[in-house]
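Chains as they are written, first to last, in my numbering: chain A, 609 to 1148; chain B, 88 to 469.
A hint or two may mislead.
[What the hints assert, rightly or not] Label pairs and their in silico Cβ distance ranges:
no.	chain 1	residue 1	chain 2	residue 2	range
1	A	757	B	345	33 to 41 Å
2	B	440	A	827	50 to 58 Å
3	A	955	B	211	18 to 26 Å
[To be verified] Partial list, derived from the structure: chain B residues whose beta carbon lies under 10 Å from chain A:
no.	residue
4	298
5	336
6	338
7	437
If you are wondering where the hints come from, they were derived from the structure by calculation, not from laboratory data.
Heads up, the beta-carbon is just placed ideally off N, CA and C, and yes, glycines get one too.
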Amino acid sequence: MTRSEASTEASERAAMEAPAGGAAVVELTGIRKTFPGVVANDDVNLTIRRGEVHCLLGENGAGKSTLMNILAGMYRPDAGRILVDGQEVEPDSPKRSLELGIGMVYQHSTLIPTLTVLENLMLGSSDLLLDVKGSRARFAELAGMLGVEVDPDAEAGSLALGRQQQVEIMKALWRGSRVLILDEPTSMLTPQGVAELGRVLERLTGEGLAVVFITHKLYEAIELGDRVSVLKQGRLVGVVDPEAIRSRDPGELQALIVQLMFGEESTAVADVAELREDVDGLRRTRELPPEAVLELVHVTAERKRDEVGVHDVSLDVRRGEIMGIAGVDGNGQRELAEAIAGQRRLAAGDVRLERRSIATMSVARRQRLGLRYVTDDRLGEGTVSAFTVALNVVLKRIGQFPFWRRGVVRRRAIDETARELVHRFDIRTRGVDSRVGTLSGGNVQKLLLAREVSFEPKLVVYNKPTHGLDVRTMQAVRERIRAQANEGVAALVISTDLEELLQLCDRIAVLFRGRVSGVVENGPGAGERIGQLMVGAKAA
Amino acid sequence: MTETALPPPRPVGEDYLEQPGRLVAAGDALVRSIGPIVLALAAVAAILAALGRNPGSFYSDILEGGLLTRTGFEASLTRTATLLLIAVGLVVVFRANIWNLGIDGQFLLAGVLVAGLGPDLRGVLPNAFLLLVLFLVAIVVGALWTVVPAFLRAYYGVNEIITTLMMTFIGINLANLLIKTTFRDFASTNVPQTSVLPLDERLPRLPETRSVHIGILVALALAFLVQYVMTRTSFGLRLNVLGANPRAAGHFGLSVPRLIIISFLVSGGIVGMAGATEILGVWGYVRADWNPAFGLTVVPLVFLARLNAIAVIPFVALLAVLSIGGDLATRRAELANDFLLVLVGLILIFMALTEYLGRRRALGGTYLTPGLVAGLRRRPHP
């Protein structure tokens, strides 16, 4: 039997039995998974039913992705049983899971950008010859089912991220999956893209598929989920079933889920959890001194192939101002940050710090002048994980007094400063002599903040400062940015989280394909205008 | 893979990390350093037995020839000086995670220039000064021979393993060419060679010895100096950062190309010194097609010593004893001298196995600030 026959049969079967709604497809019982030093999942029971969008909700590190990776065959559980259609199975590879009808779409693209959409879809084929004709038929069938329009012969890399995600979904469904797992699918999407994804999910559940939707955003779970399971520190702490979701009003539901997510602490964190609230105009307009700390004048940065780059960007950030950079991920954010920090050379234009051109200065020189960059690649370039916390604190000041004298290290000075910063920034570590590799993600970020905002900064570039952090750390980081601004330090906050920018910023510039498509004063209605600019609409 | 799909960072408390006691950790390091050597010695014993030789007498011959007789002991000590200089030169680049594998070319060219220029200059310069000048020549030649790979790596990202190996081929042949043409002493034998530097104009001997020259003191001093620079100075830290995370180095504002070039030049210079030491301390001349190929046998030792310029000393001494004593042992066992390479090769294989079975130690963690001493002895978090 060829693959296309098999898949057609599978989808027919799915269609015939659909949409019974409620019949269990997958049952997980007593799942436990540990990594060295971490219990990622502990005795988790979960039932996934057909025709439902099942939201897995929890903070970062709650074990949502681990649990689904077990189902998708990426990890093997230490204990517990997995039943598919009542049969006990052991998905020991992604391939096996696909055969069982379980497909997963990961947070970041797994498509090969230089291949066409169709070629990407055929990649998993184990046939000797590619069945192009059959694949086209299958493609048309799936496109019809999802209600999407994608050119099968377009290069995958040329598609917008939302389209790429649709192709990923097709890839997961290619062999007739009945369970589709989406890992944080909205993190790369515009608000419009999210709406489109919602419609695709509706069609899928209408066809009788089960969808598992992993998210750490509460409002998404409420909006998109038929059933919401809440994970906390590896344990399942509650399930909100469809009746409960239908019968309660949104406010009540929110309170219930917040209670599940945070338990005792819920009152403390309720206001910072990522609830969709009307944050427009949250930030008061302040009197800012007119002089600009940072000026970008028609900046075009050098770029490598496949990079979006930065083209003709002009911006200024005033003393004490928090300027936001919004945009869908991959629209030149990192390139812009690197151009300002000096890690990337300019092809044209000028960068000025307090009216002085710094365009040709080295990274170290800019750093000494008070320009700081909190990178989003915290482990890749922000720290040396084999080095201690103490050493990482001073890595941008190698050779400088008081940490070095005539080129020779002064350990006591380093340790004293590190201890003070660890205390002041509440970095949870065994001691300043622990390796950075032993810290959790949130504490690594606190360490970066400690390093960058200490030693008299004038302007700090924050690249995705709260990405991947738990709610409490997120709050601490945002407070730190505000506090710095109140002390007169200028800030450029790059974030893909629009809500965050609306909470923090005085003004928000929008990056689209490496250009600033507009700058919006924060205030009522700002969010909507930014949303339009994010997809390339011209500034009014 | 997604960020969240990875094992989540532990959100609460970091005290799960069990800290092995210092003794355990020290024992761990010892096992991982000495283990491969012991295993290799055992495996070679098995091979010898299979070949019908007596492993016991083979090893006792090595000890006799390399350690227990006065000539053997002195020869081992002299050989140690040369090997140690090479090892120290490698520590500098390996710390920066740069692979200078062009050692033999740098070594030989420096040696040949010293051997060739020495006799010509001896009338011109007073003796002590002559040696200094010759050492300088060797340092410059060794360093120069790394310039091409260094620039290609620094500015164009060209793989330095390939370029340094290619430079070695060129270097070895160029050295031979020089011996056979410019520096040839036509008065001497049929095999082309340079003129011989008289004994009293070579490196001074240590008192109370017949053949041990001051090179061993120079090498030891340099080993301690390099270790100090690598662990206590800002320059050393910069190299360590480059080695541990080159992208971070750029982010921290280090000039990565400059660091690459400097570490290459320093490494080549020290290897050049090794060439001068061998010529001025032991031979006094170079014969055509002479190439002791010390380079690649020293490489594994540098890693066994965990890129520590002081810890490498005993390893290098062991290799010296093996190679000096091995001459006698292989002759008595009627084996080719190359049999010793089997031993070195096995050390490499067992090293790889131990590393594979144990945990890979992150490079650059040896920069010792107070806590780091403890951090170093702690197993890295996976």
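Hints, one by one, checked against the model:
1. Hint check: residue 757 of chain A to residue 345 of chain B, Cβ distance near 53 Å, so the stated range 33 to 41 Å is violated.
2. Between residue 440 of chain B and residue 827 of chain A the Cβ separation comes to about 53 Å, which falls inside the hinted range of 50 to 58 Å.
3. At roughly 55 Å, the beta carbons of residue 955 of chain A and residue 211 of chain B sit outside the given window of 18 to 26 Å.
4. Given the 10 Å rule on beta carbons, the hint for residue 298 of chain B is violated: about 38 Å separates it from the nearest Cβ of chain A.
5. At a threshold of 10 Å, the smallest CB-CB gap from residue 336 of chain B to chain A is about 9 Å, leaving the interface hint in force.
6. Residue-level restraint check for residue 338 of chain B holds (minimum Cβ-Cβ distance to chain A is 4 Å; threshold 10 Å).
7. Evaluation of the residue 437 of chain B hint against chain A yields a violated restraint, the C-beta minimum of about 25 Å exceeding 10 Å.
Checked against the numbered hints above, the structure breaks hints 1, 3, 4 and 7 and satisfies the rest.
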